[in-house]
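Go ahead and model the full structure; you've got the sequences and the hints to work with.
Number of protein chains: 2
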Amino acid sequence: MTETASRPTLEAVAARAGVSRATVSRVVNGGDGVREPLVERVRRAVEELGYVPNQAARSLVTKRHDAVAVVIAEPETRVFADPFFALQLRGISKELTAHDNQLVLLLTEGRDDHARVARYLAGGHVDGALVFSLHLDDPLPGLIQGAGVPTVFGGRPGWSDGTRDVVYVDSDNRGGAREAVRLLAGLGRTRIAHITGPLDQTSAADRLDGYREVMGENDPRLVVESDFTPGGAERAMRELLDRCPDLDAVFAANDLAASGALRVLRERGRRVPEDVAVVGFDDMLPVAEQSDPPLTTVRQDIEEMGRIMARLLLRRLDRRVADEAPGGVVLPTTLVRRASA
Amino acid sequence: MTETASRPTLEAVAARAGVSRATVSRVVNGGDGVREPLVERVRRAVEELGYVPNQAARSLVTKRHDAVAVVIAEPETRVFADPFFALQLRGISKELTAHDNQLVLLLTEGRDDHARVARYLAGGHVDGALVFSLHLDDPLPGLIQGAGVPTVFGGRPGWSDGTRDVVYVDSDNRGGAREAVRLLAGLGRTRIAHITGPLDQTSAADRLDGYREVMGENDPRLVVESDFTPGGAERAMRELLDRCPDLDAVFAANDLAASGALRVLRERGRRVPEDVAVVGFDDMLPVAEQSDPPLTTVRQDIEEMGRIMARLLLRRLDRRVADEAPGGVVLPTTLVRRASA
Chain A
1 MTETASRPTL EAVAARAGVS RATVSRVVNG GDGVREPLVE RVRRAVEELG
51 YVPNQAARSL VTKRHDAVAV VIAEPETRVF ADPFFALQLR GISKELTAHD
101 NQLVLLLTEG RDDHARVARY LAGGHVDGAL VFSLHLDDPL PGLIQGAGVP
151 TVFGGRPGWS DGTRDVVYVD SDNRGGAREA VRLLAGLGRT RIAHITGPLD
201 QTSAADRLDG YREVMGENDP RLVVESDFTP GGAERAMREL LDRCPDLDAV
251 FAANDLAASG ALRVLRERGR RVPEDVAVVG FDDMLPVAEQ SDPPLTTVRQ
301 DIEEMGRIMA RLLLRRLDRR VADEAPGGVV LPTTLVRRAS A
Chain B
1001 MTETASRPTL EAVAARAGVS RATVSRVVNG GDGVREPLVE RVRRAVEELG
1051 YVPNQAARSL VTKRHDAVAV VIAEPETRVF ADPFFALQLR GISKELTAHD
1101 NQLVLLLTEG RDDHARVARY LAGGHVDGAL VFSLHLDDPL PGLIQGAGVP
1151 TVFGGRPGWS DGTRDVVYVD SDNRGGAREA VRLLAGLGRT RIAHITGPLD
1201 QTSAADRLDG YREVMGENDP RLVVESDFTP GGAERAMREL LDRCPDLDAV
1251 FAANDLAASG ALRVLRERGR RVPEDVAVVG FDDMLPVAEQ SDPPLTTVRQ
1301 DIEEMGRIMA RLLLRRLDRR VADEAPGGVV LPTTLVRRAS A
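In order, the protein sequences belong to chains A and B.
For the first sequence, our numbering assigns the number 1 to the initial residue and increments by one for each residue that follows.
For the second sequence, our numbering assigns the number 1001 to the initial residue and increments by one for each residue that follows.
There could be a bad hint or two in this list.
Claimed, not checked - Part of the chain A face toward chain B, derived, beta carbon under 8 angstroms:
#1 P8
#2 E11
#3 G50
#4 Y51
#5 H65
#6 A67
#7 R90
#8 T97
#9 L106
#10 G123
Rather than coming from a laboratory, the hints here were simulated on the basis of the structure.
Glycine included, C-beta positions come from ideal geometry on N, C-alpha and C.
Structural data, given as structure tokens:
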């Protein structure tokens, strides 16, 4: 293993290059005013010695770590199983990298680890945080508030007054759900079921609200709470078919859930869309295109959500303003028609 | 957004609980010698105020951040597309969490970002680093050496003398490959092709060496370099069939590559295993079990590799020894027989 003692110093670089410490410092920190041959000599010495500038010292001047934490309030197994997170991280990673900020993903085994995440955030290791997939009874938002790092949330926070104090980026979950259910109703379907996401998340709760706004007072047995996973949706679909064998449409709260529903419908001999029309949410590729039949779904631009979250946070950090108007950026959704409805 | 000014202090907690600062400090840092009713009062005050202990101050005493960086020397798109990384991270996450250490995953868009990763490592934000999927010409190992953080590598480092200076965890890639090729030869196959991984990684180079040890001097057209991805393996398989239409077996350097090879063999009308027997490497589930036909493969315990990497690093950090004998831990592989060979 490498030892701290072996770490080359600024002095060693200066000695090797035959220049002053100040010159090395100017070159390393990208400063101007150093003649090109000297710059070249310093660069060569830096390379030969494997010198890495002391970030801590640099931070004292810039007050920045050029690092942003990402916290996904789900166990790491879920983070790697659901392509939604990979897409959101892709947008975040591209945006942070374009501004030479390090993406620091803090992984956990579950909610018990959130206090440790908050300690890390409070420890002065990052300039800000992007937090998503919050659940309503999660202590994380309070802990983050305590940690005092500028934060942008992915998805509207669910706590009371949450939207007043924070900056967040969300999709129009309610509007998208309304459009999905209106499409099914427009096709003449009357027994439209809904497989929800976890209702302690605003994205799932808002989609259920959109469904109810169109359906009005309908049979409560047509709604089953689930968890955004294919396995959870399979159980929900079986329960729906047992309760209401005559259902003629399903609105699933995301595409992974729709794919689980399709499997159970096939297993029970229902034709899609002839017997039961199915609509998902996300337009998650390749799931939505390669399911059998391909999914009609509500498209949200997940990568763009990540990009906008990162952009809002970086803007806040760059300005070093004491405050920015809190509130939400809500992105529109679009209906994508394929064979399932 | 949350402001630093709003962060509750140790003093505020002490005032709310009606105890001294010292008492709060002892409770927060898990120290003994505080009576249970007082502990309870402090805990309640901590919770009510959303107090988060100041990690920086705590670090001054313990000299630890209780955080370990994980660096995967691949673009984040690859990290989320290859289940190998998710499995290795699962082992690491379980082990770090069991020791209340935060997993800090540093994601990048590619090699251009490695200098920034090294700056973060050098910045005093983590106690050590776990680094894997290194490529031979990657500047990262040198940069990490310069950053001076204790490091354990996943996979034998490829640079000269690399095995002398570092601690690493690896699988017996050469032995596993020998076993795979011996199985195929034992089945009477004589035109055994090999789709390699990227040969600037020791795992891929070692598997090729194992193949060559069994095959001796054979037709060089039977070996095609690829990149551990299904798409890359599809191209390699097409090239192999064009070059050597009479090949009767394929050893693919990992299961994802084997799945790509199976697709092309089916497309070209070859029956597996009757016309062409196929063996993979990893025993990656569900890929290996759900491929058509299911894959005979060389099993390596990827999650356990991650766990052992984390364990070696934590042991080093806990002992605070100046040095530990460098060297490698090499885990055995086992052949798993399924229908493809």
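Now the hints, each set against the structure:
1. Restraint check, P8(A) versus chain B: the minimum CB separation of about 6 angstroms is within 8 angstroms; hint holds.
2. Interface hint status for E11(A): violated, as the beta-carbon distance to the closest one in chain B is roughly 15 angstroms, over 8 angstroms.
3. For G50(A), the interface hint holds, since its Cβ comes within 8 angstroms of a Cβ in chain B; the closest pair sits about 4 angstroms apart.
4. At a threshold of 8 angstroms, the smallest CB-CB gap from Y51(A) to chain B is about 6 angstroms, leaving the interface hint in force.
5. Proximity of H65(A) to chain B holds as hinted, the smallest CB-CB distance being about 7 angstroms (cut-off 8 angstroms).
6. With a cut of 8 angstroms, the hint placing A67(A) at the interface with chain B holds, because the nearest CB-to-CB distance is about 6 angstroms.
7. Because the smallest distance between the Cβ of R90(A) and any Cβ of chain B comes to about 7 angstroms, under 8 angstroms, the interface hint for this residue holds.
8. For T97(A), the suggested interface contact is upheld, since its CB lies about 5 angstroms from the closest CB of chain B, less than 8 angstroms.
9. Of the supplied interface hints, the one on L106(A) holds, with its beta-carbon coming within about 6 angstroms of a beta-carbon of chain B, less than 8 angstroms.
10. Restraint check, G123(A) versus chain B: the minimum CB separation of about 3 angstroms is within 8 angstroms; hint holds.
Violated hints amount to a single one, hint 2; each of the other numbered hints is respected by the structure.
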